[in-house]
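From just these sequences and the hints, can you work out the full model?
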Amino acid sequence: MIYLDHNATTPARPEVVEAVTRAAIDYPGNPSSVHTAGRRAREAVEQARAQVAVFLGVTREEIVFTSGGTEGDHLAIRGLCAGAGARGRRGVVTSPLEHPAVLGAVQALGQGTGEPWSVTSSRVTALGDIDLAHLESAVGDDTALVTLALVNHEIGNVYPVARYAAIARARGAVMHTDAVQAAGKLAVDLSALGVDAATISAHKIGGPHGVGAVFVRRGLDLPPLLVGGHQERERRPGTENVPGIVGFGVACDLARAGLSTECVRLERLRRDLVAALASIAGTRIWGWGDEPSGGQGQGRVPGTVMVSFAGAPGQLVAIGLDLEGICVSTGAACTSGSVQPSAVLRALGLGPEEAGQGLRISLGWTSTAADIRHLGEILPAIVERVRAAVSEPQPFSGGARPTAEEAWS
Amino acid sequence: MKGERIVVAMSGGVDSSTAAALLVDAGYEVVGVTLKLTDATGTSASIGGRCCGPRDIEDARATAALLGFPHYVLDETATFKHAVIDDFVAEHAAGRTPNPCVRCNEKLKFGPLLRFARAVGARRLATGHYARLVRDGEGPIPALLRAQDRDKDQSYFLFGVPAALFTAVAFPLGETTKDQVRHIARRFGLPNADKPDSQQICFVPDGDHKAFVEARGGAGRPGDIVDENGARLADHRGTHRFTVGQRRGVPIDAGDLQRRFVLRIEAATGRVIVGPREALQTHVLQVSDLRWTSGRVPEAWPLRCGVQIRHRAAAAPAWVAAPVGSNCAVNLDTPALGVAPGQAAVFYDGDRVVGGGWISG
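Chains as they are written, first to last, in this note's numbering: chain A, 1 to 409; chain B, 410 to 770.
Incorrect hints may appear among the rest.
Here are the simulated distance ranges between beta carbons [said to hold, decoys possible]:
#1 A:D189 with B:P479: 37 to 45 Å
#2 A:A82 with B:P479: 42 to 50 Å
#3 B:D615 with A:I285: 47 to 55 Å
#4 A:T113 with B:E675: 49 to 57 Å
#5 A:A310 with B:P631: 50 to 58 Å
#6 B:D615 with A:D189: 51 to 59 Å
#7 A:L259 with B:D615: 20 to 28 Å
#8 A:G57 with B:A435: 55 to 63 Å
#9 A:S279 with B:D448: 54 to 62 Å
#10 A:P352 with B:S697: 51 to 59 Å
#11 B:D448 with A:A170: 54 to 62 Å
#12 A:E384 with B:T586: 38 to 46 Å
To list a few chain B residues with every Cβ distance to chain A over 10 Å, as calculated [stated by the list, open to error]:
#13 H491
#14 D496
#15 R527
#16 P571
#17 D742
Keep in mind the hints are simulated off the structure, nothing from the lab.
Here the structure is a predicted model, which is why all the values come from computation and not from measurement.
Built from N, CA and C at the ideal position, the CB exists for glycine as well.
Right under this line is the structure:
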């Protein structure tokens with residue numbers, strides 16, 4: 001199997017698997033317990049917290065462990081908005097490029113309370129940048145929160161979040177960034193970005209599934225989503241996922257240590273991949289490519305390629321590849337159960353048919369030059385087969401035989 | 410053929426799951442696919458286990474996982490709404506009694522799935538239908554035959570499928586009885602081996618067709634219930650609430666206490682004409698939108714055949730007159746009761762489906 005869907009999940013690194021396994025044996029206690037076993041488990045969690053904090057350039061007290069990206073986005077967005085809403089600010093500014101977890105959390109604001117919240121969606125350019133002038137005009141005195149991702153999950157664009165944070169700050173709003181797709185792909189220094197809150201997830205950086213973290217700037221209140229426990233300084237009740245958190249810490253260390261060499265390696269692979277894709281007629285790459293300048297974005301992360309082949313639905317190409325043992329995605333994996341055209345490509349201005357042609361290939365630590373070569377060898381025939389199937393008036397009819405309907409026309 | 414890639418359409422029910430199991434057992438490289446036809450997310454229908462709901466998708470997925478082949482979901486909700494649900498509502502509004510399963514087979518089950526099969530490099534599509542396809546030497550289009558299991562035979566629902574599509578279709582259950590299917594399913598340990606057969610129309614899980622049609626703007630005119638002489642007997646709340654042959658909701662003849670039945674529905678005026686059981690008898694049917702399942706128009710007219718006018722009814726001996734355009738008249742040897750416009754009339758030569766069309770009058 002060739003795995004080219006790292007933006008969905010990056011396989012856990014062997015060191016992480018070992019650390020998780022060992023933690024399950026070594027730390028059998030509950031971190032809240034007063035006894036030795038509890039204390040040890042607590043120490044392991046706190047050590048991991050320090051590892052995550054260093055990875056993100058923040059302090060330990062600012063890290064809250066969660067179950068992953070979706071919970072983190074909800075905790076940060078709903079938590080920060082609770083306070084602002086009480087002060088009369090009931091506006092959120094976001095963009096149509098955001099992950100469904102962010103959009104879901106934003107839509108949930110005010111539900112059941114009768115508080116009317118307004119949501120403003122930033123304009124997006126064809127290259128997938130946020131229209132800065134529009135953003136500036138959209139953030140006002142009633143804006144509670146601006147939430148915009150640091151890296152897009154489908155097209156891999158990197159966004160100038162420091163500028164967004166400055167805009168938010170100038171209007172008295174708080175800034176949250178979903179950094180799930182940024183962590184491990186570029187150096188993330190949340191302090192330097194000036195954001196108030198951020199979300200990351202362990203399984204996107206070589207850690208285990210089911211664990212993540214929210215950064216929330218010291219001094220900001222973060223009311224919990226669930227109640228009934230004091231854990232995580234009353235910000236996230238529930239017994240900590242000790243093995244997962246330990247593995248997460250190890251993954252942060254590994255990602256930090258290998259980041260610069262890995263970026264260079266993946267960028268080289270990405271260029272090989274783009275060259276292979278370009279040999280197929282009707283190929284388009286979406287988001288930032290190799291343009292030297294032109295947008296106000298900061299380029300893209302290495303290893304993420306959103307491609308489309310004219311006339312070939314992305315789902316059918318992805319299935320064709322899957323049957324040959326190659327894993328890629330048609331967009332956010334969360335929406336792949338029932339296949340909807342990529343919302344990100346729709347936001348770039350593509351129609352439903354074109355947006356349905358998107359195919360996301362994302363590389364990571366397991367990816368090799370041989371993977372890309374193999375993909376390049378079998379992809380052209382698969383795209384060709386899909387195009388033929390879609391364009392035939394009637395599949396398998398051979399084109400010459402009259403159908404029952406034609407017999408009457 | 411061993412190792413041949415074949416796509417199996419999986420509804421999540423025991424039939425298509427067993428078809429898949431038989432093909433795996435025979436050495437095919439099976440690719441499972443389930444059509445998502447309605448969006449019932451979060452509704453009670455999604456839990457009830459009706460055809461094509463999320464529960465069925467899970468059952469199909471579980472079967473594929475158990476048997477060890479890949480399974481995918483194709484979202485055809487937009488086509489299904491347009492080709493089947495909207496048609497169902499419009500037919501009711503027009504005073505007819507539609508058969509959505511025939512429409513679904515005609516418009517959805519085979520075209521999109523064969524396209525899928527072609528796209529993924531398979532050479533054939535298999536479904537769990539109870540019917541047989543026989544290649545008898547003349548050209549590439551196989552003949553469609555009734556299933557071995559007469560109780561489960563679904564050839565009636567399949568007559569509208571464009572004949573050329575059958576060249577790449579297989580019905581692995583055509584020679585198998587339902588009892589055998591359940592037995593095979595249990596032998597393979599399939600999760601849905603004892604799942605009951607679906608009885609309702611998949612997109613009306615509670616069986617309340619009237620409410621479904623009303624909610625979608627398909628309510629027929631309210632009007633009068635009249636006898637054969639036009640005398641008004643009662644009023645009613647919409648023609649879509651009636652089907653030809655129906656007795657419920659029709660007032661009894663006070664004179665001789667005889668039960669009366671719906672004879673005709675006039676959508677334009679809102680009149681529902683009722684009368685005694687004998688008046689339901691029909692000798693001649695008008696059939697429109699004809700198609701010939703073999704892909705060839707018969708040459709000798711009138712055509713002697715058996716005509717089936719509803720699911721599970723026996724085919725009645727009849728003469729089919731030479732078509733005018735895509736319409737024809739069918740003369741039944743013995744009159745049929747309760748022939749509802751909108752239902753399919755399917756022509757059989759013995760077990761073989763010759764063709765058919767939709768009853769227009």
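Enumerated hints in conflict with the structure, sorted upward:
7, 9, 10, 11, 15, 16
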